[in-house]
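Novice: Chain by chain, the residues:
Protein chains: 2
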Amino acid sequence: MEIKFCSNCGGNMKQGIPHGDDHMRAICTQCGFIHYLNPKVVVGCIPQWGDKILMCKRNIEPGKGKWTLPAGYLENGETMEAGAARETLEETRGMVNITGPCRLFNIPHVNQIYMMFRAELTSREFGPTPESTHVQLFQKEEIPWDNIAFSVIHKTLKDFFSEKHRGSHSFEIKTMEAPLPHG
Amino acid sequence: MEIKFCSNCGGNMKQGIPHGDDHMRAICTQCGFIHYLNPKVVVGCIPQWGDKILMCKRNIEPGKGKWTLPAGYLENGETMEAGAARETLEETRGMVNITGPCRLFNIPHVNQIYMMFRAELTSREFGPTPESTHVQLFQKEEIPWDNIAFSVIHKTLKDFFSEKHRGSHSFEIKTMEAPLPHG
Ligand SMILES: [Zn+2]
Ligand SMILES: [Zn+2]
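First to last, the protein sequences are chains A and B.
214 is the number that my numbering gives the last residue of the first sequence; the numbers go up by one with no jumps.
214 is the number that my numbering gives the last residue of the second sequence; the numbers go up by one with no jumps.
Pulled out of the complex, with its shape left as it was, chain A reads as follows (with noise of 0.2 Å):
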């Protein structure tokens, strides 16, 4: 998102390196306000019933028609565990208890922090949702592997999986690469 007027006064920007600091910024050329910009946080879940976990497949873009994990913006005032639980409600209208934090990625070049934890569903209600055609609880090998819309779902649920067939789950901080253009 380029910022092109001042929030604060309406004023125009220009791009500079404020005293003090060592990053350009957007700067009010009227009342001088700087606007940062930072990486936004995703919260997510892997919401397990059983032996299978719930997964959702897309009713928006990015990656409509494809499958993925409840997961989403973490809003101002909420814990990331309350962020999760709430995209998960939103997305498959399953409510989840937050088990632990599974995976936490830098994926830099979209400028996002993706947090997944482990979750259990609390009862087998869920379905259809405005932001999924299908919620569908799927056994490992039942996961439609080749059609998971996001790079970072596809590591989470590989991981996870190989970490129970261990049998026993650890946390990771992992970093997503932008993928290579196609030639």
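For the record, the hints were derived by calculation from the structure and aren't laboratory data.
This list has only true hints and no planted wrong ones.
If several chains are the same, the list does not tell them apart, and a pair holds so long as it fits within one copy or across any two.
Cut-off 30 Å, straight-line C-alpha distance, at most; resulting in silico cross-link-like pairs (DSS-like, lysine-lysine):
{"#": "1", "residue 1": "Lys-189", "residue 2": "Lys-88"}
{"#": "2", "residue 1": "Lys-35", "residue 2": "Lys-45"}
{"#": "3", "residue 1": "Lys-71", "residue 2": "Lys-35"}
{"#": "4", "residue 1": "Lys-189", "residue 2": "Lys-97"}
{"#": "5", "residue 1": "Lys-71", "residue 2": "Lys-186"}
{"#": "6", "residue 1": "Lys-95", "residue 2": "Lys-71"}
Here the structure is a predicted model, which is why all the values come from computation and not from measurement.
Using the hints provided, position chain B with the ligands relative to the given structure of chain A.
Specialist: Just chain B with the ligands now, with coordinates in the frame of chain A:
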């Protein structure tokens, strides 16, 4: 930060719930642009040198004159580990290797996520900076426990030293509640 003018067109803003959303947002009355405000990520570390840790005395508000660990806002395009190392260099002139995650804090009342790593200084070189009047190595008993700038830093240090005493480090997520008003 209140959004008074649209950063896209300079128009006046109104508060409302966009279609398909469930939170109040600042919406432009002129071009319809929706402005989202999201939590910011703070990254920092506990720089270790033998059995000592490096702390800095703040030269800027908030907490001017009090001691802290190096930490600051994650920048766009940066991994959390790189951000924590950069903040350490900026605030202490010390170079660190990030060795692992320590504590992650939800601080919903100030819309922050605070990620603290364990780290090791790569040399004994460090010193004051524009942001820190003093930069100093402390053994556990020497830490100015009663003069620490932020409760999240106090908690990180307490947890770090009790885990060190126990002989193994873990990663945990905690939530810091708003401080009670002075009465
Ligand atoms: Zn301005
Ligand atoms: Zn506008």
